[in-house]
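*Asks:* As they're listed, the protein sequences go chains A and B. Here my numbering is used: the first residue of the first sequence is 1, the next is one more, and so on. Here my numbering is used: the first residue of the second sequence is 1, the next is one more, and so on.
Heads up, some of the hints might be wrong.
Covered stretches of chain B (in silico footprint by chain A; criterion: 3 or more residues with CB under 8 Å from a CB of chain A, positions within the stretch not fixed) [what the hints assert, rightly or not]:
hint	segment
1	77-88
2	105-118
3	192-206
4	288-300
5	381-391
6	445-458
Mimicking DSSO-like on lysine-lysine, the simulated pairs with C-alpha atoms at most 30 Å apart in a straight line are [stated by the list, open to error]:
hint	chain 1	residue 1	chain 2	residue 2
7	B	K187	A	K221
8	A	K193	B	K155
9	B	K69	A	K28
10	B	K155	A	K112
11	A	K193	B	K114
12	B	K155	A	K99
13	B	K304	A	K28
14	A	K195	A	K112
15	B	K441	A	K28
16	B	K69	B	K114
17	A	K28	B	K424
18	B	K187	A	K195
19	B	K124	A	K221
20	B	K266	A	K28
21	A	K195	A	K221
22	A	K221	B	K304
23	B	K155	A	K28
24	A	K112	B	K187
These are computed hints drawn from the structure, not numbers from a lab. Here a beta-carbon is modelled for each residue, glycine too, at the ideal position from N, C-alpha and C.
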Amino acid sequence: MNTVTLKIKRQDDPSDLPYWEEFEIEVKEGMTLLGALNAIGENPVTAEGVETKPVVCDSSCLESVCGACAMLINGRVALACNTLVTDLGSPVKIEPMEKFPITRDLKVDRAKMFETMAGASFFSQDDCAGGNNPPLRISPCDQQEYFIFSECIMCGACAEGCPQVNGRTEFPGAFMFARALAQNIHPIGVFEKAKRLDALAGRGGLSDCAGAKVCESVCPKGIPLSEAVARAGWSATANAIRKILR
Amino acid sequence: MTPKKPKIIIVGGGISGSMAALSALSSAAGVSIFTTLPACRSRSAAISEGFNATLDTGGECDTPALHAKETLASGNLLAHRGAVEKMCSAAPALLNYFDRMGVMFERTSDGLIKLIRSTGSSAKRTAVAGLSTGHQIACVLDGKIRELALREHLKLFEGWEFLSLVLDDEGNCRGIAARNLRNGEIKAFASSAVIICAGGFEGIFGAKSTAPLSLGTALAVCYMQGAHLANPEFLAIHPFTIRAADKCRPIGDRLIGMGARVSAEKDTIDISDIDPDWLRRNFSAMMDFYARSTGQDPFETPMKVAPAVYKSLGGLWISEDHATNVPGLYSAGGAACLYHGSGILCGNELLASAHGGDIAGRSSAEYSLDENFADDSATASLLDASRKREEDLNAHAAALDGNENARVIKRELEEALASACLFKKDNAGLKQTQEKIATLKERFARARPADTSQWDNAEIPLMRGIKLEFELASAMVAASISRENKRGAFNTKVSWSFDEPHTSYEHSNS
């Protein structure tokens, strides 16, 4: 029988201490790591034969578009639904992401990411209801170039990998640059471009990025995040100069 | 006494829920959204098809009337004609709305929204944002809802699970009971109307190409509390998916549209004719997953594909203004049945969710204004009773003490449904499934939750969810069996009773 050993870092609630448990899972064809974690639920017994509780983790779509199941797999952040058990070898070390508060086991609280996005109007605010208003025009070249920046799934991998996301800075992670860039070229989003750039240039913004570029290498959607930071940097500088000259 | 500002509770925060919230807000109602997940992680986000609207930027004289005709034809004339016509006329304005909110739709060379032809449509009608149109729309709506919540225009209860409706003695809907998933706290909330936008029940099938969380829990609760189900036996099947151990990944009709060739047995797809640049831009993640899981390069060998359940087309029985038979209870999106009949036109799913939410929000606000809702002591005692009942039910689920694992029962139920109710149904198989459901129910009575702690407990909701899955499964099987005699122009109506589901038929007004 082909099996894999999962070493999972668990924690019962935020105030408790973490502990490790090992599980032996039978590998099925095409099994993802998330599938293996769910298989524990059907027989929650550790490798030593001790009965335990099923492992709690976030998951939703299982096709890498919802971003729920990001976790540390052998020390590297990835989506569990997009990771095949057969690619990992054995044992596999699984931990929750460290840059977010843990709620339980592999589940973390990413509310702060959403607060960052909502607070700085990273989405265009259109009060009209569409209706009979004239259609917008966007250059197809711009659309193709910027589309990738709107593909962010809010998984938090960029923040997890980033050495600058730590207790000493207010930097939330590179995810905020991507969506802001896509909105800045939108014919209505552009009205709030200055506001967005001010937010990006402020505390915990562009100046806190040290250019480690880990974000780009761990992003499960392959968003060119270091390019996003560079572009946002140029626009923010231009915006600052424009403000001085005004 | 001056009438209070009506309060509307929306269960589910995906595309239909968010749209319902926005339209109820514009009708000056107080809105609360209860959702287990952020909108950008909802099932809506996994819809890879585009958004149908007759903008006619392709210059093919496409009209809403033609769109409606083709929608009705895909549903074998079982969808509601009036509602479908209204939806198709509203589609261009909705698309315009999402475009203005920042969804990055693909463009024509003169900068307008580019439309593509999708399966079942005779004109170029579908607006797409890569292969993640649903995700893009869910994201902008998520941003808008959060911004409104931040400015305290509405209340967002994220991480709360809907448990049941609060009904008064006359059977009117007066609010909901909900549970905070994190700390396990149960609370009841008063409202003048409730809109169920929590999605369909496609997740209860073994071979599915959809989010496993779409278990139809919310709609099953309403069904057991007296709301009627419509057409639970109809399923949309995704013909081409990549089979993996946990889930079938849909590869989308888009590939066929781009020139992929399907083998005669319909079990492989050859993509070697498609522009590799386009594939790399839009499809690299899926190709990569396929290559890793099967060890075959999709560019070299045709991809192996299999059919899977994509969407439940039935749901709560609603009228043209999205009201169920329970006064004050509304529904939209995947949880309701109105626009699709027995089949769905490619690209109509997002449209139906967005438009349905819009209508449900508006009509529930109108209902609430007429209703003269009073938040009095009678309501308070109803809420209290409802909270107590839910606490008892949870305590009961936690106290179950047997030797069966609930997850194993759940998997067996899903496998049984997948083998009997998907591609080929016959009465013998359906009868067998009924028996299987009965034995599984018996076994479930001896199940034990694997975790009874209070904090972030996923097992108690799972246990309660399985109970509801049984009800939906029985309704679906019963409706399938009785469909035999009443084919064609009839819609099935199912109402819950303690022993077995009661089915009846209504003539379709298509």
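*Asks:* Run every hint past the structure and note whether it holds.
*Replies:* Status of each hint after checking the structure:
1. 77-88: Since 0 is below three, the answer is violated.
2. 105-118: That given contact holds, which follows from 10 residues of the segment 105-118 of chain B lying within Cβ reach (below 8 Å) of chain A.
3. 192-206: violated (count 0)
4. 288-300: This one holds; 4 residues, not fewer than the three required, reach chain A with a Cβ under 8 Å.
5. 381-391: violated (count 0)
6. 445-458: Since three or more residues must qualify, the claim that chain A covers the segment 445-458 of chain B holds, with 6 doing so at under 8 Å.
7. B:K187 - A:K221: Not OK: B:K187 and A:K221 at ~38 Å, beyond 30 Å, violated.
8. A:K193 - B:K155: Holds - the C-alpha atoms of B:K155 and A:K193 are around 28 Å apart, at most 30 Å.
9. B:K69 - A:K28: Since the Cα atoms of B:K69 and A:K28 sit roughly 46 Å apart, the hinted pair is violated (cutoff 30 Å).
10. B:K155 - A:K112: At roughly 17 Å apart (the allowed maximum being 30 Å), A:K112 and B:K155 satisfy the hint.
11. A:K193 - B:K114: Holds, because 25 Å separates the two Cα atoms, which is no more than 30 Å.
12. B:K155 - A:K99: OK: B:K155 and A:K99 at ~27 Å, within 30 Å.
13. B:K304 - A:K28: Holds: B:K304 and A:K28 sit about 18 Å apart, inside 30 Å.
14. A:K195 - A:K112: holds (20 Å)
15. B:K441 - A:K28: holds (28 Å)
16. B:K69 - B:K114: holds (22 Å)
17. A:K28 - B:K424: Distance ~27 Å between A:K28 and B:K424 Cα, so the pair holds.
18. B:K187 - A:K195: violated (39 Å)
19. B:K124 - A:K221: The given pair, whose Cα atoms are some 29 Å apart, holds under the 30 Å limit.
20. B:K266 - A:K28: Status holds; Cα separation ~25 Å.
21. A:K195 - A:K221: holds (27 Å)
22. A:K221 - B:K304: Holds, because 24 Å separates the two Cα atoms, which is no more than 30 Å.
23. B:K155 - A:K28: violated (44 Å)
24. A:K112 - B:K187: holds (25 Å)
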